[in-house]
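Generate the whole structure from the sequences, applying the supplied hints.
Heads up: the protein sequence lines correspond to chains A and B, in order.
In terms of our numbering, the first sequence opens at residue 1 and continues consecutively.
In terms of our numbering, the second sequence opens at residue 305 and continues consecutively.
Among the hints, a few may not be true.
Here are the computed lysine-lysine pairs in the PhoX-like style, where the Cα-Cα straight-line distance is at most 25 Å [said to hold, decoys possible]:
| hint | chain 1 | residue 1 | chain 2 | residue 2 |
| --- | --- | --- | --- | --- |
| 1 | B | Lys501 | B | Lys562 |
| 2 | B | Lys501 | A | Lys151 |
| 3 | A | Lys151 | B | Lys560 |
Honestly, the hints are just simulated from the structure, not real lab data.
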Amino acid sequence: MTLNRGKGLLFALPWIFGLCLFTLYPLVASVYYSFTHFSVLQEPKFVGVANYSELAQDELFWRALRNTMVYAALSIPLSAMLSLFLAILVNSVKCGQVLYSVIFYIPQLIPGVVAAIVWMFIFGNGLLSDVLQPLFDVLNWARRIFDPDLKDLWRPPAWLGSATWALPSLVLMGLWTVGQTAFIYLAKLQDVPAEMYEAAEIDGASPWQKVWHITLPMISPIIFFNTIMSIIGAFQVFTEPYIMTGGGPSRATYFLPQYIWDNAFVTMRMGYACAMSWILFLVILILTVLAFRISRDRVYYAGR
Amino acid sequence: MIKLPYIVFASVPLLFAAGMLFDQPPPAKETPDTVEITYWEKWTGFEGEAMRATVELFNSKRFRNKKGQVIRCRYLAMTSVNRKTLLSIAGGHPPDVAGFWARETHVFADMNALMDLDQFIDQDPEFDRNKYLECFWRHCVYKRVADKEIKVWCLPTTPATVALHWNKEMFKAAGLDPERPPKTLEELEAFAAKLTKRDASGRLVQMGFLPPEPGWWNWAWGYFFGGRLNDGIDKITADDPKNIAAWKWLLKFNGKDKREAEDLIAFKQGFGSFDSPQNAFLSGKVAMVIQGVWMANFIRFHNPHMKWGCAAMPTSFDNEGHPVTIADMDVITIPRGCPHPEEAWALLKFINSKEGMEYLCGAKENNGGQGKLTPFKDVDSEWLAQHPHQQLQVFIDLAKSRNAVNNPKLPVWEEYQDELKSAFEKMWLMDATPERALGDVQKRMQPKLDRALEQLRAATPAGGRP
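As structure tokens, then:
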């Protein structure tokens with residue numbers, strides 16, 4: 001046993017070493033740097049909690065944090081519901097399951113930067129607005145019935161051009177990669193024993209009751225896993241806003257990761273950026289712990 | 305008995321540790337006859353090739369250092385050259401020469417990242433500081449916050465000024481004289497109105513003038529109204545009445561209501577990337593744009609048959625024949641701690657010789673080089689005649705103008721620019737009046753500048769590392 005442990009440790013040594021050097025050391029160092037004024041080129045100068053107290057008064061930090069929270073609050077439930085819906089849909093069809101899965105998964109294969117540029121065209125060139133225009137025409141026609149002198153016609157929003165719609169546009173764009181999560185849901189869905197559904201059918205359960213009382217409890221560990229992953233993902237959103245809006249218009253899509261990046265690598269305020277990273281870490285940690293707490297009695301593990 | 309795979313696995317971290325412990329700069333490729341220097345640059349594509357060819361020209365000259373070794377330069381192009389160089393300086397292994405943008409050099413000088421070039425210039429009787437046009441030389445010199453005297457921190461590679469470019473075909477189609485650019489701001493407004501078109505459904509198809517396109521100089525509009533962004537010492541002047549007047553003028557182009565302003569931003573976001581045939585100016589979506597001397601290259605590549613002209617952007621005040629332009633520049637520097645400063649200086653000096661600069665900026669034998677102007681007062685008429693940019697004289701004249709301005713040399717310039725960008729968007733989308741938007745910038749930036757100056761004064765540059 002001892003020998004095996006020794007050998008195991010030996011084999012794991014390169015990994016342990018890499019972890020310590022490239023993850024653990026930077027992690028610990030960033031705690032220290034968050035208490036310093038550090039521009040990379042000069043020796044870090046200890047400033048106590050100055051960075052944190054400056055953060056508390058930094059309007060832009062609060063703005064970025066609020067934007068990030070709003071993005072997370074919109075994108076996490078929306079993507080969870082949509083991916084689950086797609087997975088249940090694909091699972092319920094008798095033929096072509098593989099084809100549908102592939103179609104839903106394809107967007108995941110496109111690099112984030114390319115997707116961002118394509119979506120800039122979709123929003124900017126009026127492609128999406130053109131698709132939605134007929135819907136607005138019908139709405140305006142209906143409004144005219146009540147108000148024949150109607151002047152203020154409804155139109156599709158200006159998407160990324162509008163400070164109100166830019167953030168929801170990014171959420172909308174984020175939805176096109178739900179194929180990945182849907183894929184994981186599908187794998188778990190196919191794992192739910194068919195006899196449970198049969199038994200429910202014999203008992204006269206409706207399709208909705210089957211989803212609510214069998215499907216959801218059976219796949220709850222995966223829902224939980226996906227939720228945690230989307231919390232982390234949503235709080236680290238960077239590529240799409242960085243490329244598509246640069247944080248604009250008027251900072252409507254300026255998220256915390258970009259503010260950290262700007263401080264660390266544009267204005268070289270490494271200490272301040274480290275302090276901000278730790279705040280972001282704490283936010284994610286609190287939300288993850290909350291998710292664990294809430295899910296304790298709601299996630300069903302068949303093995304237990 | 306320990307088996308071979310275990311030894312191999314265990315040796316990986318040991319090797320790493322040994323490497324860290326005995327860390328030394330990589331040995332320069334140095335023989336008794338030659339010494340190799342490294343040069344990191346940002347350009348790719350034709351601009352990169354023009355610089356590579358200039359470095360090859362330098363190599364072919366076989367310059368020698370004091371020890372009599374032949375200097376060879378290795379050219380390496382990369383993205384984010386500024387960040388990578390700064391990290392390499394912090395790590396103690398910088399290249400011998402690094403190419404930056406002039407607008408950030410003063411920040412790096414304050415960070416103690418660069419060698420001052422006076423030590424080389426003072427010992428070099430051949431080097432003449434007076435040969436440079438003033439607007440470009442101003443970029444090279446800077447008095448660091450903690451210093452008492454002005455020093456030289458970089459030398460030009462390719463300078464640029466900006467001008468109003470107009471599409472002659474679109475002018476003709478709109479019933480305007482294609483050979484006559486707007487001379488006043490009022491004319492510019494009138495021309496823009498004639499050049500703006502919508503389709504039957506009311507959607508915008510082309511704009512006469514769209515101030516946020518390309519949006520690279522949204523911080524600079526005040527200069528065309530005689531405004532300034534700082535007092536040159538320690539005060540931010542974002543809310544200078546002249547800056548406010550400039551932004552009020554811009555509001556003439558953002559539509560009649562908030563929704564039209566948003567549509568214009570969305571219209572702009574639908575433009576293709578700058579270096580593509582879908583560029584707003586090249587594809588005829590915007591008839592007049594402010595662009596730099598480099599625009600001619602991209603017109604030549606992507607729309608060679610386009611008929612266009614360029615002229616000074618009008619100003620709100622009587623400039624007495626000295627139009628306003630933004631003088632910007634790419635520069636080369638010698639990073640602090642580099643292994644071969646003397647040899648690096650030889651490269652800087654060659655590129656800043658008449659031969660090197662003309663070859664880089666627009667020589668026929670270098671495929672037209674980067675197609676830009678030189679930073680020198682004297683322009684060789686033969687060189688100018690064979691230059692690929694047929695309207696280069698416009699940009700040379702602009703560089704000679706006493707109203708050729710540079711970005712403010714403030715330690716917080718990047719943040720200031722970001723604040724101005726965001727304020728511009730707020731103003732454009734009618735979420736704030738120009739007074740309010742610029743007033744907010746003023747309120748936010750002055751304390752940031754005060755704090756940065758205080759920190760820099762407290763730090764002694766000489767005490768930095770390495």
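Structure-based check of all given hints:
1. Between the alpha carbons of Lys501 (chain B) and Lys562 (chain B) the distance comes to roughly 19 Å, so the proposed pair stays at or under 25 Å and holds.
2. A C-alpha spacing of about 22 Å is found between Lys501 (chain B) and Lys151 (chain A), which places the hinted pair at or below 25 Å, so the restraint holds.
3. Distance hint between Lys151 (chain A) and Lys560 (chain B) is fulfilled; the C-alpha atoms sit about 15 Å from each other, no more than 25 Å.
Violated hints: none; the structure is consistent with every hint.
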